[in-house]
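Colleague: Next come the chains, spelled out residue by residue.
2 protein chains.
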Amino acid sequence: MTSNMRRLDVIRNHLSSKFPTMPFDDTLEKYRQRTPSFNKDSLFAIYMGSHHKLIRMLRESSKNSPLINHTAYTFGSREDKHQQIYRIVGEIYTKAPLTYEQDLQDPTKKLSILQALCEFDIASGTRCIVHMSLYIDTIQNLGTAKHRTRIDRAYKLLDYGSFAMTELGHGSNVAGLEVIANYDKKTREFIINSPTKTSAKWWIGAVGKTANMSLIIDGDNKGVHVFLIQIRDFDTHEACKGVILGDCGEKNELNGIDNGFIIFNNYRVPYDCLLDKYSMINEEGKYKSPIKNKQKRLGIMLAGLLRGRFAVSSASEISLRNALTIALRFGAIRKQFGEPEKSILDYQTHRTRLIPHFCRMFAIRSGLHYLLSYLRTNSILFYKDPECEELNELHAILSVFKSLASTYAFNGIQECRESTGGHGYSAHSGLARLRGTADVLMTWEGDNTVLVQQTSKYILKQIQRLLKGAKNTSTTLQFVRLDYEISLWPINSLQDLTTENIIKVYQGYINCIAKQTMQKLQENIQKYDNTTDVWNNSQSSYAQTLASVYGEFLYYQEMVIMCKSIANNDRSLASIIMKIPELYVIDCWERRQRVYVDLGCKAENCAFLRDRHIELCNEIGNWVLPIIETLASCDNFIGSVYGYTDGQAYNRLIEAVEKEQGVYEKPTWLSDIRNVRKAASS
Amino acid sequence: MTSNMRRLDVIRNHLSSKFPTMPFDDTLEKYRQRTPSFNKDSLFAIYMGSHHKLIRMLRESSKNSPLINHTAYTFGSREDKHQQIYRIVGEIYTKAPLTYEQDLQDPTKKLSILQALCEFDIASGTRCIVHMSLYIDTIQNLGTAKHRTRIDRAYKLLDYGSFAMTELGHGSNVAGLEVIANYDKKTREFIINSPTKTSAKWWIGAVGKTANMSLIIDGDNKGVHVFLIQIRDFDTHEACKGVILGDCGEKNELNGIDNGFIIFNNYRVPYDCLLDKYSMINEEGKYKSPIKNKQKRLGIMLAGLLRGRFAVSSASEISLRNALTIALRFGAIRKQFGEPEKSILDYQTHRTRLIPHFCRMFAIRSGLHYLLSYLRTNSILFYKDPECEELNELHAILSVFKSLASTYAFNGIQECRESTGGHGYSAHSGLARLRGTADVLMTWEGDNTVLVQQTSKYILKQIQRLLKGAKNTSTTLQFVRLDYEISLWPINSLQDLTTENIIKVYQGYINCIAKQTMQKLQENIQKYDNTTDVWNNSQSSYAQTLASVYGEFLYYQEMVIMCKSIANNDRSLASIIMKIPELYVIDCWERRQRVYVDLGCKAENCAFLRDRHIELCNEIGNWVLPIIETLASCDNFIGSVYGYTDGQAYNRLIEAVEKEQGVYEKPTWLSDIRNVRKAASS
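Protein sequences appear in the order of chains A and B.
By the UniProt record's numbering, the letter at position 34 of the first sequence is numbered 34, and the numbering carries on one by one without gaps.
By the UniProt record's numbering, the letter at position 247 of the second sequence is numbered 247, and the numbering carries on one by one without gaps.
Just chain A, same shape as in the assembly (with noise of 0.2 angstroms):
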């Protein structure tokens, strides 16, 4: 829109509106002219990666959809929701098709096209992502040559999949499932039973009304097993014959997503429904794996689920990009104090609070760009491999990343709200959505807490190899010593601030509180009288923090990389954007100041360390505006009044209020005023 269209469009809303006119408030654009110019193709290409084109075009192919709306979202029912967040995902598939091939070729495409989605919001990426990559990816992991029809079927949308593991009583402990399948010999079925409530299948996403295809994971004597099995009938939409399927009713957000429960009375399923490829029953009816520990056939069991923790550092990623949008532009137009009155994004108190979030964005999108090159790299050996060291690495790294991701994305989008005043508060703002969204991101895909320890295991197996005199394998943690020594802290002046003391830092770090937990495990050897409690016991402040640090210097790593990539290909930018990483590294360091009494850095190092931290805030805060509105998606994906590129945050704010119902009206209750009043004053 230009200029001029957009003082045209600021009238034509004025003239049914009871508030006194407003001129055309410049105050945003004065704001990014602060700013000297960059190449924004270039950030734009290095920040979303090798699908940048795709990412584009999607946008912009619906930057003007009738059904990226979110006022119809946020007011409608949750039948209008569902339906909505439907129609946009048959809106966003059918402009990127994908093929089973395709996918084969280059398995990071599916997680881009889910970005797209995701900028609208997290329903429309997981409504997809359940049924392309949960559902898809599962039946191509386990399943053997004759379920292959259903993977095509599934790419044409005909069959629309879900994944059934969560039960209403269980949900980290997958092993202690309840949901039976029973197998019939002589009719070579299974027999499919929920015995409790508690068995019942619950918040799997689609089955509340879309999904007629699950994947049912169950929980019987040989283990863990996953069945792909039919739901609803294909042209009735019934319910099939011993399936109970409902809706899980109102959640605290994503209502766009008809998350379900399934009973099942006595199912019967053919026994093609088994995905067979590591477990099978042969004629005699005798059991077979070629993976004999039951421990190790749950991992690959819930192989699936890998592309469904990417989509979580993913949307993680959007959701806090999306608020930062709005509130950073809400930060440059909203003026308070002072004369004439500044920006309160000039504000030390408010950059300090926001720039350090707009940092962990990008750790969080670097994190990915790596994750997506290691899946690139080697999906086809994860394939062949289940069991691979390579694997279980990705898997460390990969648990760590959802888990610092998702965190960081609340707790950014929280910032966000409150930096935003009374004005966040509006559920126009958009900023309560994306919070609500991005809150179920630490809970899903695996509890963040229950999910870490994944990470912490791998670390210290890592270090038990050495006990034992074998060899690290870990790419990522051969600085891992035994006989680690803490030396000097290096930091103490802005020259010692460079990326190499900051990794020199870290592997102490890292190998300090490695040491700490592997005493901490020793010391409950003496107390616990099994391995469960020992491990349990050895996490807070100690294996969970292990997890935490390792994935900060992961990140820590990927920014340099990706941030060095973006200043070599930009003159102007490359005065600022290494401060980005830097900035990362001092404010973990100073939202948990362990580190320092751990390396023994002193008091008046610390000071430094501080002051770096504002003056790092201040200036990436002078950038922060045109950078963040470079990445940032279109103003229908975004849908805040706060957040729209033409910065009238209060004429957007009223004509959004003055369209609700009832705004001018007297209220319906008027006769409870009239009731009170004769009470209380009688």
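What the hints contain is simulated information worked out from the structure, not anything from laboratory work.
Being a predicted model, the structure only gives us computed values, none of them experimental.
Treat each hint with caution, since some may be false.
Any copy, or any two copies together, can satisfy a pair, since identical chains are not distinguished.
Below, simulated DSS-like cross-link-like pairs (lysine-lysine); rule was C-alpha separation at most 27 angstroms, straight line [said to hold, decoys possible]:
#1 Lys-156 <-> Lys-277
#2 Lys-515 <-> Lys-457
#3 Lys-527 <-> Lys-335
#4 Lys-602 <-> Lys-515
#5 Lys-468 <-> Lys-286
#6 Lys-602 <-> Lys-504
#7 Lys-384 <-> Lys-457
#8 Lys-63 <-> Lys-156
Using the hints provided, position chain B relative to the given structure of chain A.
Modeller: Just chain B now, kept in the frame of chain A:
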């Protein structure tokens, strides 16, 4: 309800359910029995304070009220919510009516009535306090004899008042308000106008639908003034001529409050509408005020906000308590991992995440006791001398308590949400509602970031006094010294962990950060040429931290007093209750380990405190369920399927979900599924 009746209730619900039946779940009852018994009445009385009987009476008399119904509240329209909350206010108010005289005698009773309302939802508390405190207190503070009749009418709810300060464009910066009241000497009237769009009064509680009166705060060239004006006709409920009233629309939560906007268009009101105790215009048209300083006058004009900030602390404690009741009961009921499966509340990671928030709840409550006793002792003095030292100190403490309490509440509720996993994502958990309401507490009644500056300014002023050789006038800051020297870190073992040593650490810590902040201010005087910039650039990590640490210190001291009183009244609780303030403090230190760095605590002593933190979480965890249940509100006030006293979490959830609309129905948008299928497969 007896246990047998509960069992019957469970069976009845099953008759209409499609789920397998479930025997009565006695997990919660068994969990309760693990803790030694203690005197619950005594704990309740001390924790709730002097009006504990009133609180109990209001709970008891409403525990079967059909109005106290969260399902209706969750699924109602905004209009329904307005009505329900208004009715609740009416119900509670008529059960515990108040007169002006009673309030003067004991200014804390009003706040106790509000508590009962907030136990259902902060919306009901707010709809009451805006009228009962912001409105009435301000008339009382700033009005003169002629305004007395308005106070009486307000107590009888004949007038329903509002407090119109915030505008669309200005919140924290009260001096920047745009509404203008011009004095017309001839008619002895004020002409009130909203000259711009951003001057619309915004977010004004009760203005949307309810209020017929309002206090208008304007910002003309004599500074900020307060006018008591009518906004709606008493009989017809139409907006007065010259006044436009509307509803501010959908919010993130608290939709039971009818926040509204006001636009003035040459609205003429008689002179007597000016609350003229501290500013008047005489018959000759001359302006007079006994307080010459504009800034000071502003402070006095806003004194009516005092009890509003008390209410924020109170609402914070209540919403956190409700959330903890839900999360702790669920933590006992929910079992995961182990053979037999263990309650998740028995895991270290679960206790270390929840128990510190339970201690913070005690902190907020203890602080509230302190504030209330301060208010009870000094309220007459405040009324007589609004510039007295005691009021300054109260403002300083109130500000940081308001900020800490609301932040604790939000973060604690969120931890409760996360700790309940996917179940916490159901709207029937009530946790998102609690989070959404607590969220605004950080913003309204003074944005936390801005508000704590009052506290740090107060502390630094005491130091400036000392620098000038004057006396330190604060009762809470007598330990502040210009020549304070940090002594050796005193806590190196369990024996060292005494109240005396903790106080010693805090006194050192506050002196240390005060000194750092003074140095930062000195540095900034060289850098910036005006005091505002000097001050604004000394906030992050300096003045802000100073205020927080001071608040923590006061909280700790008050917790010790309250917990000692509990211990003195109950030998059983005496073994555990003093650990609550101890954990509170260690948790504060562990979260921001700067105290260790600044006060020279060595790594090995930190390790001791780190382990003590975990140990205390575990020990308090053994007592936490019966303690929180002693303080918990009734089931219908809390409104969570997971938080019921009977512990039937799964049954309650399914009952709630099956009652929702269209749970078992096919989608109304089935044709969309067919259309997308066709489009994607062609």
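Colleague: Give a verdict on every hint.
Modeller: Hints, one by one, checked against the model:
1. In this homomeric assembly, Lys-156 and Lys-277 come within 27 angstroms of each other (Cα to Cα) only inside a single copy, at 24 angstroms, whereas the closest approach across copies is 76 angstroms.
2. In this homomeric assembly, Lys-515 and Lys-457 come within 27 angstroms of each other (Cα to Cα) only inside a single copy, at 13 angstroms, whereas the closest approach across copies is 44 angstroms.
3. In this homomeric assembly, Lys-527 and Lys-335 come within 27 angstroms of each other (Cα to Cα) only across copies, at 23 angstroms, whereas the closest approach inside a single copy is 59 angstroms.
4. Both within a single protomer and between protomers do Lys-602 and Lys-515 lie at most 27 angstroms apart by alpha-carbon distance, with minima of 22 angstroms and 17 angstroms respectively.
5. Taking the closest pair of Cα atoms, Lys-468 and Lys-286 never come within 27 angstroms of each other, the shortest separation being 39 angstroms inside a single copy and 92 angstroms across copies.
6. With identical chains, the CA atoms of Lys-602 and Lys-504 are at most 27 angstroms apart both within one copy (17 angstroms) and between copies (21 angstroms).
7. In this assembly of identical chains, the alpha carbons of Lys-384 and Lys-457 lie at most 27 angstroms apart only when taken from the same copy (24 angstroms versus 66 angstroms across copies).
8. In this assembly of identical chains, the alpha carbons of Lys-63 and Lys-156 lie at most 27 angstroms apart only when taken from the same copy (25 angstroms versus 55 angstroms across copies).
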